[in-house]
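A.B. asks: Following the hints, put chain B in place on chain A, whose structure we already have.
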Amino acid sequence: AQSVSQHNHHVILSEAASLELGCNYSYGGTVNLFWYVQYPGQHLQLLLKYFSGDPLVKGIKGFEAEFIKSKFSFNLRKPSVQWSDTAEYFCAVNGEGTYKYIFGTGTRLKVLA
Amino acid sequence: DGGITQSPKYLFRKEGQNVTLSCEQNLNHDAMYWYRQDPGQGLRLIYYSQIVNDFQKGDIAEGYSVSREKKESFPLTVTSAQKNPTAFYLCASSIVGLAGSSYNEQFFGPGTRLTVL
Chain A
9 AQSVSQHNHH
19 VILSEAASLE
29 LGCNYSYGGT
39 VNLFWYVQYP
49 GQHLQLLLKY
59 FSGDPLVKGI
69 KGFEAEFIKS
79 KFSFNLRKPS
89 VQWSDTAEYF
99 CAVNGEGTYK
109 YIFGTGTRLK
119 VLA
Chain B
5 DGGITQSPKY
15 LFRKEGQNVT
25 LSCEQNLNHD
35 AMYWYRQDPG
45 QGLRLIYYSQ
55 IVNDFQKGDI
65 AEGYSVSREK
75 KESFPLTVTS
85 AQKNPTAFYL
95 CASSIVGLAG
105 SSYNEQFFGP
115 GTRLTVL
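In order, the protein sequences belong to chains A and B. Residue numbering for the first sequence follows this note's numbering, starting at 9 and increasing by one per position. Residue numbering for the second sequence follows this note's numbering, starting at 5 and increasing by one per position.
Chain A extracted, bound-state conformation (with noise of 0.2 Å):
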């Protein structure tokens, strides 16, 4: 079954903290890749996708991705993290040819000032 798993439900940091969030996915066929942002009270927003070419994408607001093919999975980044960074952050999928997207459960995230 096609899915998107976030390992990390909960993560609470520090700022100037180093940040990585989880994302695995199960799809059989060629996929393109995304993160989406929500902050409190906004809408979705995209951060970063992939489709092809440089398996590191880079997105806004310092946030970067790397897709490993071979594990399945679309890890999010950034060096130092914000206050202003504090939201929910979710994993999408979406296969090629289709227009179906398929979203992980989300990782809620709290920056400590």
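In silico DSSO-like cross-links for lysine-lysine, where the CA-CA straight-line distance does not exceed 27 Å:
1) A:Lys57 to B:Lys61
2) B:Lys75 to A:Lys108
3) B:Lys74 to A:Lys108
4) B:Lys75 to A:Lys57
5) A:Lys108 to B:Lys87
6) A:Lys108 to B:Lys61
7) A:Lys108 to B:Lys13
Pairwise CB distance ranges (calculated):
8) B:Leu121 to A:Lys108: 27 to 35 Å
9) A:Gly61 to B:Ser84: 44 to 52 Å
10) B:Phe16 to A:Glu23: 34 to 42 Å
11) A:Lys108 to B:Pro114: 20 to 28 Å
12) A:Gln53 to B:Tyr14: 19 to 27 Å
13) B:Gln60 to A:Ala25: 36 to 44 Å
14) A:His18 to B:Gly20: 31 to 39 Å
15) A:Gly37 to B:Val100: 14 to 22 Å
16) A:Ser22 to B:Ser77: 44 to 52 Å
Calculated directly from the structure, the hints in this document are not laboratory data. Every residue gets a Cβ at the ideal spot worked out from N, C-alpha and C, and that includes glycine.
C.D. replies: Same frame as chain A, now just chain B:
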């Protein structure tokens, strides 16, 4: 400004009543989607539409219905058959890419929080 509008932001209904949630986009996107967001469950797909007058069931379509009579509009009706309708509902849209695949990112509306009393 281009974007997706969902109204109302908060909606209250009595149990047993049908209710329709509005979603309008002016991004000229072909594909539109409805998701339900519950705490700890992420976003679950209810229905999606690739083109006007066509739509497909998602993973949790039971108790819901949609229509797509216009490109910019994709209303969702939560019927009395939906056993647990209280939730946060998100509408999204995306461009349909080459070869019919929607490989671009989705754009989301602000959501409607439905509470059934």
